[in-house]
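Can you make the complete structure from the sequences, with help from the hints?
Residue numbers (the working numbering), protein chains in the order written: chain A, 512 to 626; chain B, 6 to 117.
Note that these hints are calculated values from the structure, not bench results.
Owing to the predicted nature of the structure, the values given are computational and were not obtained by experimental measurement.
Any given hint could turn out to be false.
Derived pair list, reagent style DSS-like, types lysine-lysine, alpha-carbon separation capped at 30 Å [as the list claims (entries may be wrong)]: (1) B/Lys-116 x A/Lys-550; (2) A/Lys-550 x A/Lys-514; (3) A/Lys-531 x A/Lys-550; (4) A/Lys-622 x B/Lys-47; (5) B/Lys-8 x A/Lys-531; (6) A/Lys-574 x B/Lys-8; (7) A/Lys-622 x B/Lys-74; (8) A/Lys-550 x A/Lys-524; (9) B/Lys-74 x A/Lys-555.
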Amino acid sequence: NSKVIQTPRYLVKGQGQKAKMRCIPEKGHPVVFWYQQNKNNEFKFLINFQNQEVLQQIDMTEKRFSAECPSNSPCSLEIQSSEAGDSALYLCASSPRLGATGQLYFGEGSKLTVL
Amino acid sequence: GEKVEQHESTLSVREGDSAVINCTYTDTASSYFPWYKQEAGKSLHFVIDIRSNVDRKQSQRLIVLLDKKAKRFSLHITATQPEDSAIYFCAATNYGNEKITFGAGTKLTIKP
Chain A
512 NSKVIQTPRY LVKGQGQKAK MRCIPEKGHP VVFWYQQNKN NEFKFLINFQ
562 NQEVLQQIDM TEKRFSAECP SNSPCSLEIQ SSEAGDSALY LCASSPRLGA
612 TGQLYFGEGS KLTVL
Chain B
6 GEKVEQHEST LSVREGDSAV INCTYTDTAS SYFPWYKQEA GKSLHFVIDI
56 RSNVDRKQSQ RLIVLLDKKA KRFSLHITAT QPEDSAIYFC AATNYGNEKI
106 TFGAGTKLTI KP
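Written as structure tokens, this is what we have:
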């Protein structure tokens, strides 16, 4: 069973609404990734953190999403104004060390449907 | 940026036979190639990886081959079992890069 906890498992939003997802990384893992997986199983990297600091993010994330990983609180990913194209599975993964050259531990994902 | 292509979107093999999933990548700087498995209704989990300093790695029934010249790597599952049925994702990244690029997955079905 995954030790990366994502909530909620499912969310349904109307266009223009905010959509917020949370992730509790595996204990002791300082690095957190967010990926978007579409219905064709294609992954899109969104953003990653080391502790509270953003390491990398794509343009879309910078403009329409807000994400944070506060200390002693779950990480979160929020879409400010949902669009139909945002319907996807949002996967959170954590890693015990900096650098993507190591095993990632994935949560079960938050499935977003934008009507 | 890096692009990873998984050549087989679906693959069906008979139980006990071998399954081979092939991937190619575009960035010559990529040096780390993990594989993940996603069973129905479950999260992805890591199965095996290979680094660019070797061209073959084996872990029990799993063998990964890496051909850096062709920018190609493959996962071989020998003596397949029903529990091997899942979607397998290949991925690539390089040291110093903080994100991993995934392929689109291969759905492997093991037939009795």
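Hint-by-hint comparison with the structure:
Only pairs whose Cα atoms come within 30 Å are accepted, and B/Lys-116 paired with A/Lys-550 is accepted, the gap being roughly 25 Å. Of the supplied pair hints, the one linking A/Lys-550 and A/Lys-514 holds, its CA atoms being roughly 24 Å apart against a limit of 30 Å. Pair hint A/Lys-531 plus A/Lys-550 holds up; C-alpha atoms about 20 Å apart against a cutoff of 30 Å. Distance restraint check for A/Lys-622 and B/Lys-47: the Cα-Cα separation of roughly 13 Å lies within the 30 Å cut-off, and the hinted pair is therefore satisfied.
Of the pairs offered as hints, the one joining B/Lys-8 and A/Lys-531 holds, with about 29 Å between alpha carbons and a cut-off of 30 Å not exceeded. Of the supplied pair hints, the one linking A/Lys-574 and B/Lys-8 holds, its CA atoms being roughly 23 Å apart against a limit of 30 Å. Between A/Lys-622 and B/Lys-74 the CA atoms are separated by roughly 39 Å; this puts the pair beyond 30 Å, and the hint is violated. Under the criterion of a C-alpha separation no larger than 30 Å, the hint pairing A/Lys-550 with A/Lys-524 is consistent with the structure, at around 17 Å.
Taken as a hint, the B/Lys-74 and A/Lys-555 pair is honoured in the structure, with Cα atoms around 26 Å apart against an allowance of 30 Å.
Checked against the numbered hints listed earlier, the structure breaks hint 7 alone; every other hint is satisfied.
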